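Given only the sequences and the hints, what does the whole structure look like? Please build it.
Taken in order, these protein sequences are the chains called A and B.
Under our numbering, the first residue of the first sequence carries the number 1, and numbering increases by one thereafter.
Under our numbering, the first residue of the second sequence carries the number 269, and numbering increases by one thereafter.
It is worth saying that the hints were derived from the structure and are not from the lab.
These figures come from a predicted structure and were not determined experimentally.
Check before you lean on any hint, since a few could be wrong.
Claimed, not checked - Within a straight-line C-alpha distance of at most 16 Å, the following computed EDC-like cross-link-like pairs (lysine to aspartate or glutamate) qualify:
| id | chain 1 | residue 1 | chain 2 | residue 2 |
| --- | --- | --- | --- | --- |
| 1 | B | K471 | B | D551 |
| 2 | A | K100 | B | E274 |
| 3 | A | K100 | B | D551 |
| 4 | A | K181 | A | D165 |
| 5 | A | K181 | A | D171 |
| 6 | B | K545 | A | D165 |
| 7 | A | K40 | A | D233 |
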Amino acid sequence: MVVYRYLPALKGMVLLAFILFACLPLVQMTIISFTVTLPKPSAEVGSLTLSNYASIWNNPNLRSAFVNSIAYVLINICITVPVAIPAAYAFSRMSFSGDKHLFLAFIAFRITPPVVLTLPIFQLFSALGIVNSVFGIALAHCLFNLPISIWILQGFISAVPKEMDETAFLDGYSRPRFIWKFLLPQIAPGIAVTAFFCFMFSWVEVVFARILTTTNGKPISMAINALFGFQTDISLVMAVTTASMIPGAVLLFAMRNHLSLGFRVGRV
Amino acid sequence: MKGRTEIGWLFVAPAVVILSLVGLVPLITVVNYSFFEIFILDARFWVGTEWYADIIGSGRFWASFGRSTLFSAFVLTLQIPLGIAIALCIPKRKVWVGITLAVVALPLLVPWNMIPSLWLSLLNSETGLLGRMLPYLGWPSEWQLSTRHTWAVLIVMDVWHWTSLVVILCYSALTTIPVAYYQAAAIDGASPWQMFRHIQLPKLHHVLLMAILLRFMDSFMIYTEAFPINAGGPDGTTTFLAVDLGEEIKAFNYGPSAARSVIYFMIVLTVAWMFSKAQGKLDRGERS
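See the structure below:
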């Protein structure tokens, strides 16, 4: 067939078109972030400027928002990954009564829209005294990050040959020690991928972040919301958004080879 | 085969505790509230299933339900094939793979509340890169008055935002296919289409099922991104299920919003159940 001869070129063009599409709004955002959009004495509207990025740096609210976001995402990863590893191991290697139902329940929680649980989570977290703190958001985000982490890690663990477990048990290792000494080094790329997914879903989430931070501990997304007002400086908004993507972009770039190595997607 | 042992519960216990705290307990609370009329949380009256009857009986609920279903249908039919296609287009050469994946994944990193702002400024008829071009293609400057155009914006926006996730998942599954499979297929003189149909697609089944589940549910319950584009308008034609719920919560209607939450969770459970059925079917198909 003649069509197939042009397949590589066609593939390249499709990919390029998609990348352009993916970048277009981001280019728009970056352009606006470098222009003056509100009339100021020092600069004309429409001229190029770096002042938006300078004002992020000089605004203590925005600075602390960045710190808060990084803090809650890190706390979330530190809760999610250690809890997800043994669970993923159990789903991958063991059979226990109700395992399938439990996995179904986990999946159900992953796809439960946060807006359904906003009210009771706010009440519960107020009672526990963890509203307006980064810890509260980190814990709430476990609702969707924990199931997805278990699901990803399970695929990685299932890819490790079962003989490894059995040899280790014959040598007298207990299960926890086996996980620590043998399994973790084997699934290290999986842990990196999992941590990245946790970061990705947690960094951009808004519903829980909004209800759990009314006075304090506001993450970046909420700090951006606070910038909207009677006369919104949209260029500052775009500058903050652009800046908010930098940590993720750095992480993504560092992670790119792990992502491209591929991972088996698991099942019970 | 897996060894049968109840020790498994010990390993999943921490996950169960956390998900009970942030998932199960709030859910039970919501179920409890849904049977009461609540003015303040200390004063409540039992109303039985009145809220449920109200919601199920209202045309507004079913209209939103229909709109959300239609939106999900559009999103899935566009994102899933596009995601597979892009994943297949990613080059084989090592250096470019990582960079391509990193660039493709960028839309996933934008805070959700900023996505509508990005698209609104992109479509701005005076300053937007697209907005300045679109009028020449017959795009009205008052597109927010038109149902069709608002829908188009919402769908394109969601495709932009989430196709990358499908791409990453599909690509990761494609890389697990041993090179020997392709070599064998090449020797047999298989066409690219045959390779896709008989080698690549079967490997994608599980990951596609998960991608469909995630994308269906998240688009069905779209909230943060959809509302600011056109405030559910024009004339309520882009009011989706979660937007309705958000309104009730903002109005502090505890009882009705709780009942609505429970109904939505029932939908979630149904979908999760269908997902596990489909997964079981795939597993059996693989074994036989």
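Here is what the structure says about each hint:
no.: 1; hint: B/K471 <-> B/D551; in the structure: holds (12 Å)
no.: 2; hint: A/K100 <-> B/E274; in the structure: holds (13 Å)
no.: 3; hint: A/K100 <-> B/D551; in the structure: holds (13 Å)
no.: 4; hint: A/K181 <-> A/D165; in the structure: holds (11 Å)
no.: 5; hint: A/K181 <-> A/D171; in the structure: holds (13 Å)
no.: 6; hint: B/K545 <-> A/D165; in the structure: violated (30 Å)
no.: 7; hint: A/K40 <-> A/D233; in the structure: holds (11 Å)
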